[in-house]
Amino acid sequence: MTSHTKIEDLIALHGEAEVLELFEKRYPESYEVFLKHIQLGIDAAVGAIERNAKHYSGFLEDQITTILVENLVAQRFDASHDADYSGHIDVSIQSQCKKFFWGAEAKINYNHKWLSEGVEQLENSYLDGTTNRNHAGLLIYIKHDNAAGRMKNWADFYAREKSSDGNFSIASCKHRENYAYVSSQTLQRTGMPYELRHIGISLWRKHSVELLVNAEESAEAKKLEEELKAQEKLERQALKEKRQNKN
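Be aware that the sequence shown starts at 1, since it is given in the working numbering, and climbs by one per residue.
You may find that some hints are simply not true.
Within a straight-line C-alpha distance of at most 25 Å, the following computed SDA-like cross-link-like pairs (lysine to any residue) qualify [said to hold, decoys possible]:
#: 1; residue 1: K152; residue 2: H112
#: 2; residue 1: K152; residue 2: G87
#: 3; residue 1: K107; residue 2: F23
#: 4; residue 1: K152; residue 2: S57
#: 5; residue 1: K113; residue 2: S169
#: 6; residue 1: K174; residue 2: T186
#: 7; residue 1: K107; residue 2: C97
Keep in mind that the hints were calculated from the coordinates and are not lab data.
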């Protein structure tokens, strides 16, 4: 059986439109085509998560992100969670030939400082602003009510943070108005421009705020425990060195 016949069989089984869409996803002819499918795929995955928010409102960042990436893989994207690109990025999508790249960091909307750390991870580790790698995303998991208002507050805060960047601009995303924003800014490490899509994902349920508070308290307790362990390790090392010096 020739490859031509195999393609005809795929078209007969799935339809020409679906087969062409699959080929465009895996072998896009340009970065623009690649990004078009990323936007559609991410929005579809986000919509699936929001429709099932009652199941995910108590989940941690990594758990939600894993579900989102699994959805992208089911859509036939070459998507990964926690892949290594000068550090472990939450979401990465590549074309089949590895020519085109899109990455995202995911953060629960604890506060603006926490979200800013996600942007810093993208800018300082994963992006270089070069052609075919100059678009990224910030996935914002919102466990409080008024998701649109919280996204607007974040967009206003981010605009103030980037006020010194003469090339900066931000606007509501036409594909997800009030729940997503698109900003253009300069990447400090290279001086090249890049585009960031800030994507709000509403996970609010009446009980989710209580769960969020518990998660924050658990995170603080874990951080304190790690600091105490580090301090204990330093003290043991200092004691060991003191004994060696005496000998």
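Original post:
CA of K152 to CA of S57, is that 25 Å or under?
Top reply: The hint holds at about 21 Å.
Original post:
Holds or violated: are the alpha carbons of K113 and S169 at most 25 Å from each other?
Top reply: 20 Å, holds
Original post:
Between K174 and T186, is the straight-line Cα distance small enough, at 25 Å or below?
Top reply: Holds, at roughly 22 Å.
Original post:
Between K107 and F23, does the CA-CA distance stay at or below 25 Å?
Top reply: Outside the cut-off at roughly 31 Å; violated.
**OP:** Measure nothing beyond the straight line between the CA atoms of K107 and C97; if it is 25 Å or shorter, mark the hint as holding.
**Re:** Between K107 and C97 the Cα gap is close to 29 Å, so the pair fails against 25 Å, i.e. violated.
Original post:
Between K152 and H112, is the straight-line Cα distance small enough, at 25 Å or below?
Top reply: 12 Å, holds
Original post:
When you check the alpha-carbon spacing of K152 and G87, does it fall within 25 Å?
Top reply: This hinted pair is violated, its Cα atoms lying about 30 Å apart.
Checked against the numbered hints listed earlier, the structure breaks hints 2, 3 and 7; every other hint is satisfied.
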